[in-house]
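Undergrad: Sequence:
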Amino acid sequence: MWASATAAPRFSTTGPVPYAAGTAEAAVRRATLAALAEAERKAHSSAARLQVNLKWSEEQRKHLTLQLDHLQDVQAHAVHLEQVNAQLHADNTLVNDLREALAQSVPRAEATALLDEIKVSEEARQDLEWRLDQAEVRISKVEPLEEANTRLREQLKRSAEKLAKLSDLEKSNAYLRSQLREAKKEVAVQRASSSFGARQGTFRAQLRRTTEGKWSGSASAVELGDEVLWAELSDAARGAVPATSLRTPSGPAAAGGAREP
Numbered sequence: 000m001w002a003s004a005t006a007a008p009r010f011s012t013t014g015p016v017p018y019a020a021g022t023a024e025a026a027v028r029r030a031t032l033a034a035l036a037e038a039e040r041k042a043h044s045s046a047a048r049l050q051v052n053l054k055w056s057e058e059q060r061k062h063l064t065l066q067l068d069h070l071q072d073v074q075a076h077a078v079h080l081e082q083v084n085a086q087l088h089a090d091n092t093l094v095n096d097l098r099e100a101l102a103q104s105v106p107r108a109e110a111t112a113l114l115d116e117i118k119v120s121e122e123a124r125q126d127l128e129w130r131l132d133q134a135e136v137r138i139s140k141v142e143p144l145e146e147a148n149t150r151l152r153e154q155l156k157r158s159a160e161k162l163a164k165l166s167d168l169e170k171s172n173a174y175l176r177s178q179l180r181e182a183k184k185e186v187a188v189q190r191a192s193s194s195f196g197a198r199q200g201t202f203r204a205q206l207r208r209t210t211e212g213k214w215s216g217s218a219s220a221v222e223l224g225d226e227v228l229w230a231e232l233s234d235a236a237r238g239a240v241p242a243t244s245l246r247t248p249s250g251p252a253a254a255g256g257a258r259e260p
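The opening position of the sequence shown corresponds to residue 0 in numbering that gives the first Met the number 0, with each subsequent residue numbered one higher.
Hint data in this document are derived by calculation from the structure and do not stem from the laboratory.
Straight-line alpha carbon distances no greater than 27 angstroms define the calculated DSSO-like cross-link-like pairs of lysine-lysine that follow:
#1 156 - 140
#2 41 - 54
#3 170 - 184
#4 170 - 183
#5 170 - 156
Using the sequences and the hints given, assemble the complete structure.
TA: In structure tokens:
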């Protein structure tokens, strides 16, 4: 059919019959191609739906697997609970049997005393549990206090170190102050000495002018003036008299006992 559809048209003397036959074959071919395309489209659509269904089925399978695992866990837990329940029933039965046996074997008074001891022991146990809870509460309150105490100890240690440094600085400051006082005293003595030299020269010059042509006892007056100046210098060095307050002798009074013969 494909060869006849693609072959060249045959012409004859009978009229338009060959052309009509080629047109029919082309129509058949187009119809066949359209049917094939439709079948392919349907196949693709079916494949897509099948893929979606497969994906959904896989998700459902996973979900069912999870549910099955959970159900198995629940069943295992239920079996364990049944075993525990059976054990508890057995223990209760044993306790009841022991109580009955104890009631039958022990006299009534001894049983009452034993029950009282059990009650006292239970109360003591409850009291110990309460004390334990109180101790835990106190421990929980003490832990922050211990941390605060540790911090305070560290601060106290730092304060002690600072106080030690401050004490060293105060000692150094006291030593420097004493050195400064000594230096000031030395400076005062030096100033007083320089002032004494200058004033002694001035005193002797004035004394010479005063005693010129006078009696020869002026040398004794000069020595007397030197003694007065040395006394003032000693007082200034001891701090009793400032160095700047030393008197400068002048006039006849400065000559002491300088008198005319």
